[in-house]
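Could you build all of it, start to finish, from the sequences and the hints given here?
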Amino acid sequence: MLLILEVIGLVILGGYEFLQVDWRGIDLRTPQHQAVEVAVFALFIPPAVLTLLSALSFLFLQRRGWLLAAIAQGLSLAVCLWLYSWFQPGYVYPIMAYCTLMILYLNSQDVRMVFRPGKSPQASHEN
Amino acid sequence: MKTESPGVEATTALLQRFEPVIRSTTGDKFYPMDVEPYVRACSLWVQRPGEEAVCVVPGGELSLERLAQQPMDEAGAVHFLKFTDTEDLRIESRGGRLRVFRRRAKNRKESRRAFRAGRGRLARVGYFSRFVDALYSIALLARGRVPGESAAAASVAYERIMSEQERYRYHGRVLRQDGWIVLQYWLFYPFNDWRSGFFGANDHEADWEKIFIYLSESEGEISPEWVAYAAHTYTGDNLRRRWDDPEVEKVGEHPVIYVGAGSHASYYAPGEYLTELTLPLPAPLARVTGAIRTFWKTRLGQYVGDGEEDGGSGYFSIPFVDYARGDGLSVGEEGDRSWDEPRLIADPTPDWVSGYRGLWGLYARDPFEGEDAPAGPMYNRDKSISRAWYDPVGWAGLDKVAPPAETLEAILEQRADIISGCDALRDEIDHKSRQLKKLGAELAAMRDRSHLDAPYQEGTRRVAELSGELNRLRGKLATDEAVSESLAEYAGRLRAGERDQARAHISRAHRPASEDELRVSRVAEAWAAISVSLMLISFVGIAMFEREHLISMLVFSIAFFAFVEAGFRGRLVNLVSSANIGLAVVATLIIIYEFFWQLVVAAVLVIGLYVLWDNLSELRR
Chain Z
1 MLLILEVIGL VILGGYEFLQ VDWRGIDLRT PQHQAVEVAV FALFIPPAVL TLLSALSFLF
61 LQRRGWLLAA IAQGLSLAVC LWLYSWFQPG YVYPIMAYCT LMILYLNSQD VRMVFRPGKS
121 PQASHEN
Chain V
128 MKTESPGVEA TTALLQRFEP VIRSTTGDKF YPMDVEPYVR ACSLWVQRPG EEAVCVVPGG
188 ELSLERLAQQ PMDEAGAVHF LKFTDTEDLR IESRGGRLRV FRRRAKNRKE SRRAFRAGRG
248 RLARVGYFSR FVDALYSIAL LARGRVPGES AAAASVAYER IMSEQERYRY HGRVLRQDGW
308 IVLQYWLFYP FNDWRSGFFG ANDHEADWEK IFIYLSESEG EISPEWVAYA AHTYTGDNLR
368 RRWDDPEVEK VGEHPVIYVG AGSHASYYAP GEYLTELTLP LPAPLARVTG AIRTFWKTRL
428 GQYVGDGEED GGSGYFSIPF VDYARGDGLS VGEEGDRSWD EPRLIADPTP DWVSGYRGLW
488 GLYARDPFEG EDAPAGPMYN RDKSISRAWY DPVGWAGLDK VAPPAETLEA ILEQRADIIS
548 GCDALRDEID HKSRQLKKLG AELAAMRDRS HLDAPYQEGT RRVAELSGEL NRLRGKLATD
608 EAVSESLAEY AGRLRAGERD QARAHISRAH RPASEDELRV SRVAEAWAAI SVSLMLISFV
668 GIAMFEREHL ISMLVFSIAF FAFVEAGFRG RLVNLVSSAN IGLAVVATLI IIYEFFWQLV
728 VAAVLVIGLY VLWDNLSELR R
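First to last, the protein sequences are chains Z and V. Under my numbering, read the first sequence as residues 1 to 127, first letter to last. Under my numbering, read the second sequence as residues 128 to 748, first letter to last.
Derived from the structure by calculation, the hints contain no laboratory data. Accuracy of the hints is not assured; some may be wrong.
[Said to hold, decoys possible] According to the in silico footprint, chain Z covers these stretches of chain V (three or more CB under 8 Å from chain Z):
{"id": "1", "segment": "200 to 210"}
{"id": "2", "segment": "424 to 430"}
[What the hints assert, rightly or not] A few chain Z residues that face chain V, going by a derived Cβ cut-off under 7 Å, partial list only:
{"id": "3", "residue": "Arg-64"}
{"id": "4", "residue": "Ala-70"}
{"id": "5", "residue": "Gln-73"}
{"id": "6", "residue": "Gly-74"}
{"id": "7", "residue": "Val-79"}
{"id": "8", "residue": "Leu-83"}
{"id": "9", "residue": "Ser-85"}
{"id": "10", "residue": "Pro-94"}
{"id": "11", "residue": "Thr-100"}
{"id": "12", "residue": "Ile-103"}
{"id": "13", "residue": "Asn-107"}
{"id": "14", "residue": "Ser-108"}
{"id": "15", "residue": "Val-114"}
For every residue, glycine included, the Cβ atom is placed at its ideal position computed from N, Cα and C.
Right, here's the structure in full:
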């Protein structure tokens, strides 16, 4: 649920940023700073797809869901940090905060124990 | 501690009844032998501080009797034997050098034919360990070490002794301690070629290994209860197995020992054992790391990994593999060779054991001592008496375990002690409880009497103290009563013939590598062999040719190496988890840096709203 919420948030944030720019008035030789910032938002598409896949894996209680979700959060955060070091766009901060909380949640004892290798997630849920 | 030994014949018979079966690994060249022919082949030397080593007794003139007759020497002097005289090997003539070279090449070829290492040790551990391992190998060049020719020379000398008379012998000692009869089997190997023959940590002349069997005696009947096999410098509970533990393989009444190739460490099961020499963090750093781990785990509820709850074993470790495959020569019951009659170490202790405190082989002057020969069964290298000698029961952690015939008695005695302690506690509680009530009455009488303020304060303090003490005593009484009940239950279980779990005392057992761990591609082995060098070379390349993007290229290359490494070692989850935590920490710091005041305001607002909500819900109740 949290992962799906993240994807929805990313889509809304991306859509909002996209609409803020007047794309017709862009000069491709010297693009506006804001337009570049919004264009690089496309970097979040692969982690968003991964997040969606991991959410589906979680729904089916597959162990690889945890790994996919963790990779997706790591990628998102890496993209945020890279963007922060170059452009410091405003949208990276909420994504950073959300991803940090998600990482802490995914690494919490309870979640890790459920998806620990050698232990069936279904069995844990039955307990 | 009470130690005494039975008669010589009974001792020999007892030792032979339970003598172990040793199973070595193909490629191993040295087997347990008698000390007498070894000592005869040795020369005796003394190394005084700041001086060259001096030969005290030349080769061929030494005997067990003469070995013990060494005069006391100045402080810091080390007596040692030399089994392989490297001077003889350093033949000046071209023909002589050629012969030595050919012999070494032949030995290596034979070893290679007989022994294949399988999955490389480096493929089983991480980057840090490989890097530290490289430093360790480089350090060997500077440290004192056994010369390269020694293993070949020892092999030749050993073959010469065996060709005169092929004998496989152990040195046996029987003693009684704390109700146990301890059978000590001391195995002497002329050379430890773990490093030169099997990619291990060290080589040294002479190797003393030991196997102890603990017997109990009831109504004249003797029965084996525990065994303990020595492996490297390990001691305590983890060494010990109960006789009926399925891990203890037996041929009749003879326990089977799988001997590590070259190292001669003893194991219960055949296989390849990863042994790591762990270098601990400096104490202050370890404390800080421990505190962070505790906060991370308990306060934040975060996962810290399996078996790492106690703070982890160490952060830098050098990996070595002990190959105890058991596919080589076996000695003992139903083995390829039989044991000769044991050489007894009976009372009074023979002089060669008690009188010679020196090393049983070459003193290489290695500061880590790994390449120095060991001292005899009775002593440590520093000439102090070894615990395995004077306290064999405590050495294997058995000092807290009573022999079966005494267990019930020990339980009942302990219960009686606790019950009498409980009676005394009850009396004390009664007395203090009455005292507290009297003090309470006194306080009540003094209340609201301004002229009695000072004694009232003092009385209040005494009441608080006494109340606390009573609380502690009542807690202790409740615990002791519960312990007494559990002792009664335990005694009942024992009377009904029930036994404890055989492996309850083992916290970390040595296990051989599993089939899955050993199944690895050649690519992974090649990667393990080249990765550290490749990473260092790539760092240099980046520093030379990509200075403009130094940081990002370094991060990228580290990420690449870490990802490939984690893939090979099946630790992708750990890598992703660690990387995520690192990124989350950086992101948190950035957010705090960018929005510090906003976060402070938000925190105050949240607290304010929480207090408001809490108060309003109280009003509604």
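Each hint tested on the structure:
Look at the segment 200 to 210 of chain V against chain Z: 0 of its residues bring a Cβ nearer than 8 Å to a Cβ of that chain, fewer than three, so the hint is violated. Counting residues of the segment 424 to 430 of chain V whose CB lies closer than 8 Å to any CB of chain Z gives 5, so the stated coverage by that chain holds, three being the minimum. The restraint placing Arg-64(Z) at the interface with chain V is violated, with a minimum CB-CB distance near 10 Å, outside the 7 Å limit. With a cut of 7 Å, the hint placing Ala-70(Z) at the interface with chain V holds, because the nearest CB-to-CB distance is about 5 Å.
The interface hint given for Gln-73(Z) holds, since its Cβ lies 6 Å from the closest Cβ of chain V, which is under the 7 Å cut-off. Hint on Gly-74(Z) holds. Least Cβ distance to chain V is approximately 5 Å, under the 7 Å limit. Interface restraint check: Val-79(Z) against chain V, minimum CB-CB distance 10 Å, threshold 7 Å, status violated. For Leu-83(Z), the interface hint is violated, since its Cβ never comes within 7 Å of a Cβ in chain V; the closest pair sits about 11 Å apart.
A cut of 7 Å between beta carbons decides the hint on Ser-85(Z): the least distance to chain V is about 9 Å, and the hint is violated. Given hint, Pro-94(Z) at the interface with chain V, is violated; its Cβ is 10 Å from that chain's nearest Cβ, farther than 7 Å. Annotation: Thr-100(Z) was flagged as interfacial toward chain V, and the flag holds, the nearest CB pair being 5 Å apart, inside 7 Å. Hint on Ile-103(Z) holds. Least Cβ distance to chain V is approximately 4 Å, under the 7 Å limit.
For Asn-107(Z), the interface hint holds, since its Cβ comes within 7 Å of a Cβ in chain V; the closest pair sits about 5 Å apart. Look at Ser-108(Z): its Cβ gets to within about 5 Å of chain V, closer than 7 Å, so that hint holds up. Annotation: Val-114(Z) was flagged as interfacial toward chain V, and the flag is violated, the nearest CB pair being 11 Å apart, outside 7 Å.
Going through the hint list in order, the structure does not satisfy hints 1, 3, 7, 8, 9, 10, 15.
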